[in-house]
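Engineer: Next come the chains, spelled out residue by residue.
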Amino acid sequence: DAGVTQSPTHLIKTRGQQVTLRCSPKSGHDTVSWYQQALGQGPQFIFQYYEEEERQRGNFPDRFSGHQFPNYSSELNVNALLLGDSALYLCASSYGGLAEISGTQYFGPGTRLLVL
Amino acid sequence: AQSVAQPEDQVNVAEGNPLTVKCTYSVSGNPYLFWYVQYPNRGLQFLLKYITGDNLVKGSYGFEAEFNKSQTSFHLKKPSALVSDSALYFCAVRDPNSGNTPLVFGKGTRLSVIA
Chain A
3 DAGVTQSPTH
13 LIKTRGQQVT
23 LRCSPKSGHD
33 TVSWYQQALG
43 QGPQFIFQYY
53 EEEERQRGNF
63 PDRFSGHQFP
73 NYSSELNVNA
83 LLLGDSALYL
93 CASSYGGLAE
103 ISGTQYFGPG
113 TRLLVL
Chain B
-16 AQSVAQPEDQ
-6 VNVAEGNPLT
4 VKCTYSVSGN
14 PYLFWYVQYP
24 NRGLQFLLKY
34 ITGDNLVKGS
44 YGFEAEFNKS
54 QTSFHLKKPS
64 ALVSDSALYF
74 CAVRDPNSGN
84 TPLVFGKGTR
94 LSVIA
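For the protein sequence lines, the chains are A and B, in the order given. Under this note's numbering, the first residue of the first sequence carries the number 3, and numbering increases by one thereafter. Under this note's numbering, the first residue of the second sequence carries the number -16, and numbering increases by one thereafter.
Just chain B, with the same shape it has in the complex (with noise of 0.2 Å):
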């Protein structure tokens, strides 16, 4: 069954610095991956996903994530945090070799930018 975690719940950084947020995934074969991020008593909003081709994919709001295959991994990346990025940032996975199956998520993590 396919699967995906986020190791870490809480990750903090200073305005202005880069950003990382874990996220490792388990499927048998090559993933669809995707980012969500919430903000307080909102629904989730699409950053970006890997489909198939380039193992960096840019999104919105200058947020990129880089796939790695040998790590199972898909990291979302900003060169540079802002404040406003303080959310809690979702990264899901579907299998898209078995069969038509819904989109799983991670628990989250939440992101905070101090200024």
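Next up, chain A with everything else stripped away, as it sits in the complex (with noise of 0.2 Å):
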């Protein structure tokens, strides 16, 4: 049973571009949450996707955005790269969208995003 699986494990852009960090949920579940975890900090919540909707977003600029396919896998967009986007970006996958709020989130192994 494959876990959470994300694309691709490191990336080095400049400020200015544009970037995609692609996400495959466990096996089973159908909605994606993606984090963006700063070096030394807890992962901190940028939207969740459900139903191939935007459910619920945290305080993150519309730069960020996001997109959920039919098979479930979704992505996350960020444009104009800053030096601050620099972050681990984590991928984690559940099942039922808002209504499961005791379920389990289970993470992929991130991206790694420097921007220089």
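Since no wrong hints were added, every one of them can be taken at face value.
To spell it out: a stretch of chain B is covered by chain A in this simulated footprint if at least three of its residues, at any positions, have a beta carbon under 8 Å from a beta carbon of chain A; those stretches are:
hint, segment
1, 15 to 21
2, 88 to 96
The calculated DSSO-like cross-link candidates involving lysine-lysine, where the alpha carbons are at most 27 Å apart (straight line), are:
hint, chain 1, residue 1, chain 2, residue 2
3, B, Lys5, B, Lys32
4, A, Lys28, B, Lys32
5, A, Lys28, B, Lys90
6, B, Lys52, B, Lys5
7, B, Lys32, B, Lys52
8, B, Lys60, B, Lys41
9, B, Lys41, A, Lys28
10, B, Lys41, B, Lys5
11, B, Lys41, B, Lys52
If you are wondering where the hints come from, they were derived from the structure by calculation, not from laboratory data. Positions of the beta carbon are idealized from the N, C-alpha and C atoms, including for glycine.
Make one complex out of these two single chains by using the hints.
Structural biologist: Given below as structure tokens:
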């Protein structure tokens, strides 16, 4: 049973560029949440996708956008990259959207983004 | 707003000794609480969660945590530490009484188990 997978593992971009990160949820899961983990910090919630719609969003600017596909996989897009966007981006999958508030989120290995 | 605090940035313990990683929370009602572990260059791995019921929750790899409502704490414990337990530990909370809120994480505690 495959767990949560993310690609790429590492990425280097320059300021002003755009980046797309990808996530495939754990088998049987239909909900994908994205988090940003800056160095030395805990993960910060970016947004959650369920039924191909953004259901909830954290305190992140519109430069951060996403998409969920019919097979439940998801993309995170970041436009106009800033130095401060350098972080580990984590994808987490779960089942049932926001209704399953007690459900466990399972995390992928992350994509480490470096913005120069 | 919900929040969680991990008061220790670093915890050092000798192999074979018991370990405790502390977590306190702030929510308006009864919380849902989670512990995750992160190894270097890896994502977060789920250890255990408290939703309701018995205050002592048992999880993966011999870890357990005790929910204490009066002290608003959810400390992670293990009776006998292993060197392989050395990692970064995160406590997280959700407030089921505040609508559909996301998981909120603490800043993490680095556990170092010394042989």
